[in-house]
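As a plain string of letters, each chain reads:
2 protein chains.
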Amino acid sequence: MGKTFIFGHKNPDTDTITAALAYAHLKNELGVKAEPVRLGAVNKETQFALDYFNVKEPRLIVEVPENSDVILVDHNEFQQSVENIKEAHIVEVIDHHRVANFETKEPLYFRVEPVGCTATILKKMYKENDVAITKEIAGLLVSAIISDSLLLKSPTCTQEDVEAAHELAEIAGVDLDQYGLDMLKAGADLSDKSMAELISMDAKEFEMNGSKVEIAQVNAVDTNAVLVHQEELETEINKTIEGKNLDLFLFVVTDILNNDSEAMALGKAKENVEKAFNVTLENNRALLKGVVSRKKQIVTNLTEAFK
Amino acid sequence: MGKTFIFGHKNPDTDTITAALAYAHLKNELGVKAEPVRLGAVNKETQFALDYFNVKEPRLIVEVPENSDVILVDHNEFQQSVENIKEAHIVEVIDHHRVANFETKEPLYFRVEPVGCTATILKKMYKENDVAITKEIAGLLVSAIISDSLLLKSPTCTQEDVEAAHELAEIAGVDLDQYGLDMLKAGADLSDKSMAELISMDAKEFEMNGSKVEIAQVNAVDTNAVLVHQEELETEINKTIEGKNLDLFLFVVTDILNNDSEAMALGKAKENVEKAFNVTLENNRALLKGVVSRKKQIVTNLTEAFK
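These protein sequences, in sequence, are chains H and S. Here the first sequence is numbered in our numbering, starting from 1 and rising by one per residue. Here the second sequence is numbered in our numbering, starting from 1 and rising by one per residue.
These are computed hints drawn from the structure, not numbers from a lab. Mixed in with the good hints there might be a few duds.
All copies of an identical chain are treated as equivalent in the list; a pair is satisfied when it fits inside any one copy or across any two copies.
As the list claims (entries may be wrong) - Think about it this way: if two alpha-carbon atoms lie no more than 27 Å apart in a straight line, the pair counts; the simulated DSS-like pairs of lysine-lysine are:
1) Lys3 <-> Lys268
2) Lys296 <-> Lys33
3) Lys185 <-> Lys3
4) Lys127 <-> Lys44
5) Lys193 <-> Lys307
6) Lys307 <-> Lys124
7) Lys86 <-> Lys212
8) Lys124 <-> Lys244
9) Lys153 <-> Lys289
10) Lys127 <-> Lys56
11) Lys185 <-> Lys105
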């Protein structure tokens, strides 16, 4: 039997990268040959965590060898997965997102739980399998929880996530708040990003009632520093809309200190953003008060508006 | 909060009915208001189990109230579920089949494991939640394992299923082999079935690479007693093909004593049956040696042939 490839979604974030690393570690401890891989560049926030805990990033891949055994972590929708996912043999899914656009020929181990972070499920799996969590793995997993929950402030964050974060921070030997803020700030440093990078660095595509929707999100300490470039951002977004034939592109700039988001919407279905959040777009923009979670606050409301 | 409806697939079999009953029992024990319901008639095999353990069948429903919380057991594909599944709020899925044609707006608890029977997963969940399995529930769960595994003989049957079956039989106070054979024979009594019933009593529809495929399976002690009616069966099958615009209807009669199946294939894509099982249809029929499992042996091979 060959090795099993473990990977998260395209445009990898901290949960995706660390979930691949941690689950491959757990599998190896259990005697299964597994390699963590990634489908895109490591972002600054993730790099901060990897550097802090001195862990090497997973290998970058574009495709998996045909008929490989693969495990998807932190995603299940095929459009977010490896290009040739339909040629792979999916043996497991460990995720915390909605389930959609996923299909296998055969039964598999499919574990999705409505928690804030894949890391929280993986932490449980270490325990279920009686494998000790090392300092490094704990550091990676707590980084993922901090990232996905904006330091436990997102509405996606459950009691289980909170408890896991505290326990993992202790094993990792870090102060949760201090380490968390340092890591988020490292990720929110957008100073060297081009406009094209800003709108693609954490972008995900969704199908909503037959429409193609892309939602990009960046975290910022100062949202104005990003939005001052509106004109150039719109030019890039319109290029993407045309290239991918999108019905809507929603660009969300989340203020990590105040926990609000500024949204910029383009595309022929942009009125659905107004419907979804009960706001009026002015100059293609609106403030989304208290909105920080793409999954729980943006995708759900927008999917409803597309019905 | 209203109650949660728990149900298995259309054309309910023993695993589907007992999974709804057992999981509703577990949920109630855990303080969640849940009602087991069913989407079709109780078959003779299931009725045997219900009578033996003196358990009342779940209530029959056609639709769930709009926006109800629902839990799907023993299935996940929407075409096998309640008619208005898209108007429901799916909070959990507990299943052991492939995952396909399933979609939610929001994250949920989705647990699929590659074991032979939903009952095996439920047995584990009782343990995980520290809830004792009653004699009645054990009887229902072991009946489901016997049914889905043809008394532990199907290739879908895993070591976990075998162990669960023995443990549950003990709690239920039955001799596994004797009770199992009695139950299977009760289910294989087809003497009072019309042709229309035979081809629909355990039929499931699948989408395979854009084609509509329906696979019906019946268990028999004497396959010839069924197949002697080929002409009338074909008339009924052709009506179904026309009515549902199917590309293929595969009728499988499984010999529960010898563990082979006789297949009858109709529809414009019937050559895919020859491809899938490396057989030649004669008079629309072929013997499928050693084939007893729709899920593991029929659906997988046929899906491959449709590629």
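Against the structure, the hints:
For the identical chains of this complex, Lys3 and Lys268 are neighbours neither inside a copy (45 Å) nor across copies (40 Å), given an alpha-carbon limit of 27 Å. Taking identical chains as interchangeable, the C-alpha atoms of Lys296 and Lys33 lie at most 27 Å apart only when they sit on different chains, with a minimum of 25 Å there against 35 Å within one chain. In this homomeric assembly, Lys185 and Lys3 never come within 27 Å of each other (Cα to Cα): the closest approach is 36 Å inside a single copy and 44 Å across copies. For a Cα distance limit of 27 Å, the shortest separation of Lys127 from Lys44 qualifies neither inside one copy, at 30 Å, nor across copies, at 43 Å.
In this homomeric assembly, Lys193 and Lys307 never come within 27 Å of each other (Cα to Cα): the closest approach is 35 Å inside a single copy and 43 Å across copies. In the homo-oligomer, the alpha carbons of Lys307 and Lys124 never lie at most 27 Å apart, since the shortest distance is 36 Å inside one protomer and 38 Å across protomers. Taking the shortest alpha-carbon separations for Lys86 and Lys212, both the intra-copy value of 20 Å and the inter-copy value of 20 Å come in at or below 27 Å. Within a single copy, Lys124 and Lys244 get their C-alpha atoms no closer than 39 Å, and across copies no closer than 45 Å, so neither meets the 27 Å cut-off.
Within a single copy, Lys153 and Lys289 get their C-alpha atoms as close as 14 Å, which meets the 27 Å cut-off; across copies the closest is 59 Å, which misses it. For the homomeric pair Lys127 and Lys56, the shortest alpha-carbon distance inside one copy (24 Å) is at most 27 Å, but the shortest distance between copies (39 Å) is not. With identical chains, the CA atoms of Lys185 and Lys105 are never at most 27 Å apart, being 43 Å at best within one copy and 31 Å at best between copies.
Of the numbered hints stated above, those contradicted by the structure are hints 1, 3, 4, 5, 6, 8 and 11, listed in ascending order.
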